[in-house]
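Whenever a hint applies, use it, and build me the whole structure from the sequences.
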Amino acid sequence: MSGTKRTFEELVAEAESVSVEGWDFSWLEGRATEERPSWGYARSMGERMGRAEAALDLQTGGGEILAAVPRLPTLTVATESWPPNIAKASALLRPRGVAVVVNHTGASAGVEGVPQEPLPFADDLFDLVVSRHPVTTSWAEIARVLRPGGTYYSQQVGPRSVFELVEYFLGPQPLASTARDPEVARAAAEAVGLDVVSLRSERLRTEFYDIGAVIYFLRKVVWMVPGFTVAEYRTRLRELHDRIESEGPFLAHTTRFLIEARKPGA
1 MSGTKRTFEE LVAEAESVSV EGWDFSWLEG RATEERPSWG YARSMGERMG RAEAALDLQT
61 GGGEILAAVP RLPTLTVATE SWPPNIAKAS ALLRPRGVAV VVNHTGASAG VEGVPQEPLP
121 FADDLFDLVV SRHPVTTSWA EIARVLRPGG TYYSQQVGPR SVFELVEYFL GPQPLASTAR
181 DPEVARAAAE AVGLDVVSLR SERLRTEFYD IGAVIYFLRK VVWMVPGFTV AEYRTRLREL
241 HDRIESEGPF LAHTTRFLIE ARKPGA
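In UniProt numbering, the protein residues as written are 1 to 266.
Incorrect hints may have been included.
Heads up, simulated SDA-like pairs for lysine to any residue below, C-alpha to C-alpha not over 20 Å straight-line [to be verified]: (1) LYS220 to PHE25; (2) LYS5 to GLU207; (3) LYS220 to SER17; (4) LYS220 to PRO84; (5) LYS5 to LYS220; (6) LYS220 to ALA140.
Now the in silico label distances, taken between C-beta atoms and shown as ranges [to be verified]: (7) PRO264 to GLU10: 55 to 65 Å; (8) THR235 to GLY149: 50 to 60 Å; (9) ASP242 to VAL197: 43 to 53 Å; (10) GLY40 to GLU164: 32 to 42 Å; (11) GLN173 to SER246: 38 to 48 Å; (12) SER44 to PRO84: 23 to 33 Å; (13) GLU16 to TRP223: 18 to 28 Å; (14) ALA13 to THR74: 43 to 53 Å.
In case anyone wonders, no lab produced these hints; they're calculated from the structure. These numbers were taken from a predicted model, which means no experiment stands behind them. Quick reminder that beta carbons are idealized off the backbone N, C-alpha and C, glycines included.
Take a look at the structure:
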């Protein structure tokens, strides 16, 4: 954190002007902290990529996680739906020989005017499908494109993640208590014929050290407070700024779960 205390207006202006393209949160360094799950998704996903022949990364975001994998399969494809992320992912992944396909499967569920699409790939094509923090999971499509014996490996946002912050702005959200439940994911995977071989979940500490970090986070993770703008929530933002200044970092908790499911067969 900077040793110079900045005003509310300065923090707001900075956080409103910074780009939120891609899925890189390095701008928050020194301004927010998030405890990481013990399983180390990027490392373990990379190990699986190194053993795969054909792999698909669903909802790749800006492609940052996939681009960091040391060894990619000969056939590696990524999908993404948000235009700024598509451009960033393409720039990162094309030099690695990865095609970035525009596709809305799972990524825009519930967004008015954006139709859901099947994955534009043949049946039984991939022996590994991965996804980090998908908006929704299209289990039937994943089962279709996996080869017999193939694996789906995904780190997902769990129930009521960062809800201390969500409810600060939106008030109590009781209907969200069962959303993104790991056991719901298990049931959905099994319903399309996949065998769940591993399911782990953790609740992790997250701290926001200034109001700029809060604004940046809500601009980037747009589904947390739908329609968030500084103008709409300026009074609550000012109150939260004053609270952080007097009491210290705003504490919330992220929830994450890791699911590994396998398609029966050879």
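Comparing the hints with the structure gives:
Using a Cα cut-off of 20 Å, the hinted pair LYS220 and PHE25 holds, with the two alpha carbons roughly 9 Å apart. This hinted pair checks out: LYS5 and GLU207 have alpha carbons roughly 18 Å apart, not beyond 20 Å. For the proposed pair LYS220 and SER17, the alpha carbon gap of about 12 Å is at most 20 Å, so the pair holds. Between the alpha carbons of LYS220 and PRO84 the distance comes to roughly 12 Å, so the proposed pair stays at or under 20 Å and holds.
Distance check on the hinted pair: LYS5 and LYS220 sit about 24 Å apart at the alpha-carbon level, beyond 20 Å; violated. A distance of roughly 29 Å separates the Cα atoms of LYS220 and ALA140; the hinted pair therefore is violated under the 20 Å criterion. Restraint check, PRO264 to GLU10: a C-beta distance of roughly 58 Å satisfies the suggested window 55 to 65 Å. In this structure, THR235 and GLY149 meet the distance hint of 50 to 60 Å, their C-beta atoms being roughly 56 Å apart.
For ASP242 and VAL197, the hinted distance range of 43 to 53 Å is satisfied, since their beta carbons lie about 49 Å from each other. Against the hinted window of 32 to 42 Å, the Cβ-Cβ separation of GLY40 and GLU164 comes to about 25 Å, which falls outside the hint. For GLN173 and SER246, the hinted distance range of 38 to 48 Å is not satisfied, since their beta carbons lie about 26 Å from each other. As the Cβ distance of SER44 to PRO84 is approximately 28 Å, the hint placing it in 23 to 33 Å holds.
Between GLU16 and TRP223 the Cβ separation comes to about 19 Å, which falls inside the hinted range of 18 to 28 Å. Between ALA13 and THR74 the Cβ separation comes to about 47 Å, which falls inside the hinted range of 43 to 53 Å.
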